[in-house]
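> Chain A is already provided as a structure; the job is to place chains B and C on it using the hints.
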Amino acid sequence: MSIISLLTDFSLKDNFVGVMKGVILKINPEAKIVDICHQVKPQGLLEAALLLKSSFRYFPSGTAHLVVVDPQVGSKRKKILVKTKNYFFIAPDNGVLSPALKEEPAIEIIEITNEKYFLKPLSNTFHGRDIFAPVAAHVSKGEHVEEFGRRIESFQVLELPKVKITSQSLVGEVIYIDHFGNLVSNIDAKTFKNFTKNKIFKVFIKDKIINHLSHSYAEGLTSKPLALIDSFNYLEIALRDGSVSDYLAVDKGEKVVINRI
Amino acid sequence: MSIISLLTDFSLKDNFVGVMKGVILKINPEAKIVDICHQVKPQGLLEAALLLKSSFRYFPSGTAHLVVVDPQVGSKRKKILVKTKNYFFIAPDNGVLSPALKEEPAIEIIEITNEKYFLKPLSNTFHGRDIFAPVAAHVSKGEHVEEFGRRIESFQVLELPKVKITSQSLVGEVIYIDHFGNLVSNIDAKTFKNFTKNKIFKVFIKDKIINHLSHSYAEGLTSKPLALIDSFNYLEIALRDGSVSDYLAVDKGEKVVINRI
Amino acid sequence: MSIISLLTDFSLKDNFVGVMKGVILKINPEAKIVDICHQVKPQGLLEAALLLKSSFRYFPSGTAHLVVVDPQVGSKRKKILVKTKNYFFIAPDNGVLSPALKEEPAIEIIEITNEKYFLKPLSNTFHGRDIFAPVAAHVSKGEHVEEFGRRIESFQVLELPKVKITSQSLVGEVIYIDHFGNLVSNIDAKTFKNFTKNKIFKVFIKDKIINHLSHSYAEGLTSKPLALIDSFNYLEIALRDGSVSDYLAVDKGEKVVINRI
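Respectively, the protein sequence lines represent chains A, B and C. Each residue of the first sequence is one higher than the one before, counting from 12 in this note's numbering. Each residue of the second sequence is one higher than the one before, counting from 12 in this note's numbering. Each residue of the third sequence is one higher than the one before, counting from 12 in this note's numbering.
Bound-form chain A, shown alone (with noise of 0.2 Å):
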């Protein structure tokens, strides 16, 4: 079994991701290939490093996470792969793993500069195809990872938006919005507990209170909105069979606080 996983911001719109799929299976017409998601917002590197975090675990060992949001495709930003304990990873050098490989460490990081691996003619817009698609296959092959280039010692990191604790609030903020409207705030559970620690507390977002955790979007009402820790181990704000984003109009980037009382 060889698996890899694609997470571009390519959408389903062109032939760019069915391209790539070619290009795979003609390499290794065993691989099994994965869609996490293409619908990353046009150099949404932010979003990608987000889902391809809170996804790359749930794949089998051994699985290739390729991942293409690439806005400085053809310049001279790097192109890497990483090897961890249980995957692999490939992408432009741009911080979009490294939220994932802050919790599934790096073992080895190459350089990919191996042109035998590439494409020809290799085309300066569309790497996708011409490298991390051959890339991926060969490596789902099992090629030896330092076979692609040279080992490097570092790459870019992304900084995702940090929560501020005060002794009296926790100040996060809505990071991501998912397609029925819920707001992920980046509060994990794990900070959160250990702020509110079983006390009374509040949640305010927008002109919102919210006093209490739900345990499902089915406990709340379709009127008021409500916060559980949510399947991926964030604070999530909801609203029972609804968008609460449409509801409170709210973005990505809104304040969420929580105060002790």
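Derived from the structure by calculation, the hints contain no laboratory data. It is possible that some hints are incorrect.
Put simply, identical chains are the same to the list, so a pair is met inside one copy or across any two.
Calculated pairs, DSS-like style, for lysine-lysine (alpha carbon to alpha carbon, straight line, at most 27 Å) [to be verified]:
hint, residue 1, residue 2
1, LYS52, LYS263
2, LYS131, LYS204
3, LYS263, LYS201
4, LYS204, LYS87
5, LYS208, LYS131
6, LYS89, LYS235
7, LYS131, LYS94
8, LYS52, LYS24
9, LYS113, LYS37
10, LYS52, LYS173
11, LYS217, LYS127
12, LYS201, LYS131
13, LYS94, LYS37
14, LYS37, LYS152
15, LYS263, LYS24
16, LYS152, LYS173
17, LYS235, LYS52
Quick look at chains B and C alone, frame taken from chain A:
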């Protein structure tokens, strides 16, 4: 061969579907996963039920059909696994399976309770990932259905809008609008033919009258709605090379009336 | 290995694509199905033809490319199966294959007529499910092309918009706009280079003038359109980190003019 079909309201915007596929492949690397549809409107039980009903029989015998449209996730709603002559169905017990099971009767209904098959930690908001995907994966590996929980006798039933039949008229409604803007009614071919008996009839929709059945879209005009029996055997109103839904400004629920003359 | 690629205007809103995949796997459980694109505009023959032409060669030898953009479904238009040196192509005979077959010549053209391979009952509105998918599945299993019908000598041809060349100028047009808003012209790299011969030139689009070729998107400015030869070897107008289609308010058909100086 072990095929798993997926039908959800998750859309492809997030990583939900991709993560479910990762979970499945971790358990059964041989699974072939086929997307039926992920664009069901959020909490769109009726839409999902119709799509399942018109899809399941086209899949190979032994396919596990996994449906996750689950507004009650995390509440006390049951989770069920149904064995029929040819298929397995896995879904929350909210009626979404019932139109399909009317055509392909249940042989065994299991309430899924065996936590051995669940992902840990178990979330309250993403049973698609933590319960339904792993159960489908184990089913596709040949695990006996009784391993997943206890037999129960019934499941929730979702009633589709009924056609009203009088001596002079058949009153149905638009229950689905496809990507091309075709209006699918709840009047099936048999009901239609029994009523019209090859005699003269008129189809009324909004302020339009159609007085015969076409055999294909191409037979029509680009400025005159036509009626035909569609590929899923329902009476459909359409427009050659265009969207009749836009043309007539018609939405789901619009009446479709057949009169005998 | 038996790969089938799919290219349709069905979108992913309905169950059409999923049902076709079920049909294929029922006939050939070993088939690997790859989506090239399903977001072709309804009845968008030219768009589908361009996507196929720029995709097919990236797939493994032996791939069956299945194209269903079929405004004439159910009418007397032919259904064809074409064998080339490396691939099979299956589509309605409406010209959608012709730009690809200009690059990969037909060796054998079969009019698909053998009902043995069709689903029964045969609908008049969904030949993708009832004819094209089963034929592709049987082709992918190695069935000889002459089993599907009789040899014919020609297929419909779809003319792509032509570039006008005078002594002083090259007049092309925008024929495709991708997800990023990049404007793909019908001026291919060879035509462009033969005309400019490394001399000074100007590219005119709407009220903008571009006077050199960039090598990558990242070379440009976020407020100044750039021109480059894209990954499919066509002259493309783009904007760094943005949509030049939105920026210039340009749609398909917009003139792209190159002047020599």
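> All hints, please: hold or fail.
Hint by hint, here is what the structure shows:
1. LYS52 <-> LYS263: Answer is both; intra-copy 13 Å and inter-copy 23 Å each pass.
2. LYS131 <-> LYS204: Intra 53 Å, inter 19 Å, cutoff 27 Å: inter-copy only.
3. LYS263 <-> LYS201: within (22 Å within a copy, 45 Å between copies)
4. LYS204 <-> LYS87: between (43 Å within a copy, 26 Å between copies)
5. LYS208 <-> LYS131: between (59 Å within a copy, 23 Å between copies)
6. LYS89 <-> LYS235: Between. Shortest inter-copy distance 25 Å satisfies the 27 Å Cα cut-off; intra-copy 47 Å does not.
7. LYS131 <-> LYS94: both (26 Å within a copy, 26 Å between copies)
8. LYS52 <-> LYS24: both (13 Å within a copy, 10 Å between copies)
9. LYS113 <-> LYS37: Answer is between: at 22 Å across copies they meet the 27 Å cutoff, but 33 Å inside does not.
10. LYS52 <-> LYS173: within (22 Å within a copy, 34 Å between copies)
11. LYS217 <-> LYS127: Classified as neither; 54 Å inside a copy, 42 Å across copies.
12. LYS201 <-> LYS131: Between. Shortest inter-copy distance 17 Å satisfies the 27 Å Cα cut-off; intra-copy 49 Å does not.
13. LYS94 <-> LYS37: This pair counts as both: shortest intra-copy Cα distance 23 Å, inter-copy 19 Å.
14. LYS37 <-> LYS152: The answer is both: 12 Å in one copy and 18 Å across copies each meet 27 Å.
15. LYS263 <-> LYS24: Classified as both: same-chain Cα gap 25 Å, cross-chain 15 Å, threshold 27 Å.
16. LYS152 <-> LYS173: Classified as neither: same-chain Cα gap 39 Å, cross-chain 43 Å, threshold 27 Å.
17. LYS235 <-> LYS52: The answer is between: 21 Å across copies meets 27 Å, while 29 Å in one copy does not.
Checked against the numbered hints given earlier, this structure breaks hints 11, 16; the rest are met.
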